[in-house]
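**Student:** One letter stands for each residue in the lines below.
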Amino acid sequence: MRRISCKAEVIAIYWFIIIGIVLVSLVVTVMANNQMKVDMRNVEAKVLADKLIRCLMPQGSYFDERVFDKNLDSVKFLDLCGLKFSEPDKSEYYFMIKFYNIDSCADADVKDANGVVSKYAGTCDENGLIRQTISFGPKTIGTEGVFTEMSPDAGLSLARGTRTNLYGIRKSDGKKIIVHIITAVSKVKENVMYT
Amino acid sequence: MSDILISNVIYIVLAVIVLVFGVGFIATQTSPTGPVENMYAKYFAFLVDGAKPDMEIAVDISSISNKISGYVSYVDAFQIQNGNVNVQLKKNSGSERLGKNYNYFNNIQVALGQECKSPDGKRVFLIVKTFSTETPKSDIDAYMNKGGKEICDEFLARQK
Chain A
33 MRRISCKAEV
43 IAIYWFIIIG
53 IVLVSLVVTV
63 MANNQMKVDM
73 RNVEAKVLAD
83 KLIRCLMPQG
93 SYFDERVFDK
103 NLDSVKFLDL
113 CGLKFSEPDK
123 SEYYFMIKFY
133 NIDSCADADV
143 KDANGVVSKY
153 AGTCDENGLI
163 RQTISFGPKT
173 IGTEGVFTEM
183 SPDAGLSLAR
193 GTRTNLYGIR
203 KSDGKKIIVH
213 IITAVSKVKE
223 NVMYT
Chain B
32 MSDILISNVI
42 YIVLAVIVLV
52 FGVGFIATQT
62 SPTGPVENMY
72 AKYFAFLVDG
82 AKPDMEIAVD
92 ISSISNKISG
102 YVSYVDAFQI
112 QNGNVNVQLK
122 KNSGSERLGK
132 NYNYFNNIQV
142 ALGQECKSPD
152 GKRVFLIVKT
162 FSTETPKSDI
172 DAYMNKGGKE
182 ICDEFLARQK
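Quick note, the sequences are listed as chains A and B, same order.
With our numbering as the guide, the letters of the first sequence map in order to residues 33 to 227.
With our numbering as the guide, the letters of the second sequence map in order to residues 32 to 191.
Just so you know, these hints were derived from the structure itself, not from any lab.
Mixed in with the good hints there might be a few duds.
[Claimed, not checked] Here are the simulated BS3-like cross-link-like pairs (lysine-lysine), alpha carbons at most 25 Å apart as the crow flies:
1. B:Lys180 with A:Lys69
2. A:Lys122 with A:Lys221
3. A:Lys208 with A:Lys83
4. B:Lys168 with B:Lys180
5. B:Lys160 with A:Lys83
6. A:Lys116 with B:Lys83
7. B:Lys83 with B:Lys160
8. A:Lys78 with B:Lys160
9. B:Lys83 with A:Lys78
10. B:Lys160 with B:Lys122
11. B:Lys180 with B:Lys122
12. A:Lys219 with B:Lys83
13. A:Lys83 with B:Lys83
14. A:Lys130 with A:Lys116
15. A:Lys78 with A:Lys130
16. B:Lys83 with A:Lys108
17. B:Lys160 with A:Lys116
Could you build all of it, start to finish, from the sequences and the hints given here?
**Tutor:** This is how it looks when you write it as structure tokens:
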């Protein structure tokens, strides 16, 4: 009789262990679901790039002449392009714009994440810069953004970014210009779970 | 025999307590608003970032209208001002807004019109109107003072 009682107690303990495991996994799953955040940094970096493109070339293939003004620093550029980063976000964004004479650039083969090769005017001679580089935000974010664009599976704590090439003409002298734009967004806290 | 009975009773009581806790937890956690608020705050921020001045954007909020509670109007669950979007689907008792925030970088002024219902009444829209930074406040106030119905009628008329 005593042997049966012991067996029943052992079964009860096992039952509670099983119920405990189920309950803990349930709580963890529900909490994880409630903490879910959609990572939209890639999209945001593209939206920022699009905004910059519309600012540089508001009317088709001609550049806005004001962007070649030598006195246009990054603060004035933000005003010109209608950009205003709120105080806590100022260190979460990065963009860099380089203006090259088209003759100073050479096509290079670039492989994207799917292995598709495309021509990218990525190698431009720094001597071909038409005006001073316009940049905003911490450069580390930009470096991370370029890295994660090439390696999309890189750690989520790294910023996400995008690179864009823009071809256009300066209306005043008809000069053909290539513009390299890098945009990157960090904002890890708002976009990555468990942060 | 009494040993078996007592241990079984204890087992059943504990099992019921665990079960009640589990069911209670699921009941309180179902339909959480946090992820939805987070998603819509980003959604509105990107809409504003991509917008130009003098645009009128209709945002379909039909899928979350049943989650909005405690407000006189659906539009009160959303706040877009000073570079920040706040979405709080359930009104809290205090004056401070909780919910989720996301910042936008487009330097424009934004006004949230009243909600509109589609003619068949099945869909609910929020009208987001954008203004340039030079637009005087009086013009924005004039737009807001039009009232929800007029804004909706104008918008729906343009859709035809």
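**Student:** Taking the hints in turn, state whether each one holds.
**Tutor:** Right, here's what the structure says about each hint:
Among the hinted pairs, Lys180 (chain B) with Lys69 (chain A) is inconsistent with the structure: their alpha-carbon atoms are about 35 Å apart, more than 25 Å. A hinted pair counts as satisfied when its Cα atoms are at most 25 Å apart, and Lys122 (chain A) with Lys221 (chain A) qualifies at roughly 14 Å. Restraint check: the Cα-Cα separation between Lys208 (chain A) and Lys83 (chain A) comes to about 21 Å, which is no more than 25 Å; the hinted pair holds. Proposed proximity of Lys168 (chain B) and Lys180 (chain B) is supported: the alpha carbons are some 21 Å apart, at most 25 Å.
This hinted pair checks out: Lys160 (chain B) and Lys83 (chain A) have alpha carbons roughly 18 Å apart, not beyond 25 Å. Using a Cα cut-off of 25 Å, the hinted pair Lys116 (chain A) and Lys83 (chain B) holds, with the two alpha carbons roughly 14 Å apart. A distance of roughly 10 Å separates the Cα atoms of Lys83 (chain B) and Lys160 (chain B); the hinted pair therefore holds under the 25 Å criterion. For the proposed pair Lys78 (chain A) and Lys160 (chain B), the alpha carbon gap of about 23 Å is at most 25 Å, so the pair holds.
For the hint pairing Lys83 (chain B) with Lys78 (chain A), the CA-to-CA distance comes to about 16 Å; that is within 25 Å, so the pair holds. In summary, the hint linking Lys160 (chain B) to Lys122 (chain B) is supported, as the alpha carbons are separated by about 24 Å, within the 25 Å threshold. The straight-line distance between the Cα atoms of Lys180 (chain B) and Lys122 (chain B) is roughly 24 Å, inside the 25 Å bound, and the hint therefore holds. At most 25 Å may separate the alpha-carbon atoms for a hinted pair to count; Lys219 (chain A) and Lys83 (chain B) meet this at roughly 24 Å.
This hinted pair checks out: Lys83 (chain A) and Lys83 (chain B) have alpha carbons roughly 10 Å apart, not beyond 25 Å. A C-alpha spacing of about 21 Å is found between Lys130 (chain A) and Lys116 (chain A), which places the hinted pair at or below 25 Å, so the restraint holds. Taken as a hint, the Lys78 (chain A) and Lys130 (chain A) pair is honoured in the structure, with Cα atoms around 17 Å apart against an allowance of 25 Å. For the hint pairing Lys83 (chain B) with Lys108 (chain A), the CA-to-CA distance comes to about 19 Å; that is within 25 Å, so the pair holds.
For the proposed pair Lys160 (chain B) and Lys116 (chain A), the alpha carbon gap of about 19 Å is at most 25 Å, so the pair holds.
In the structure shown, a violation is registered for the earlier hint numbered 1 alone.
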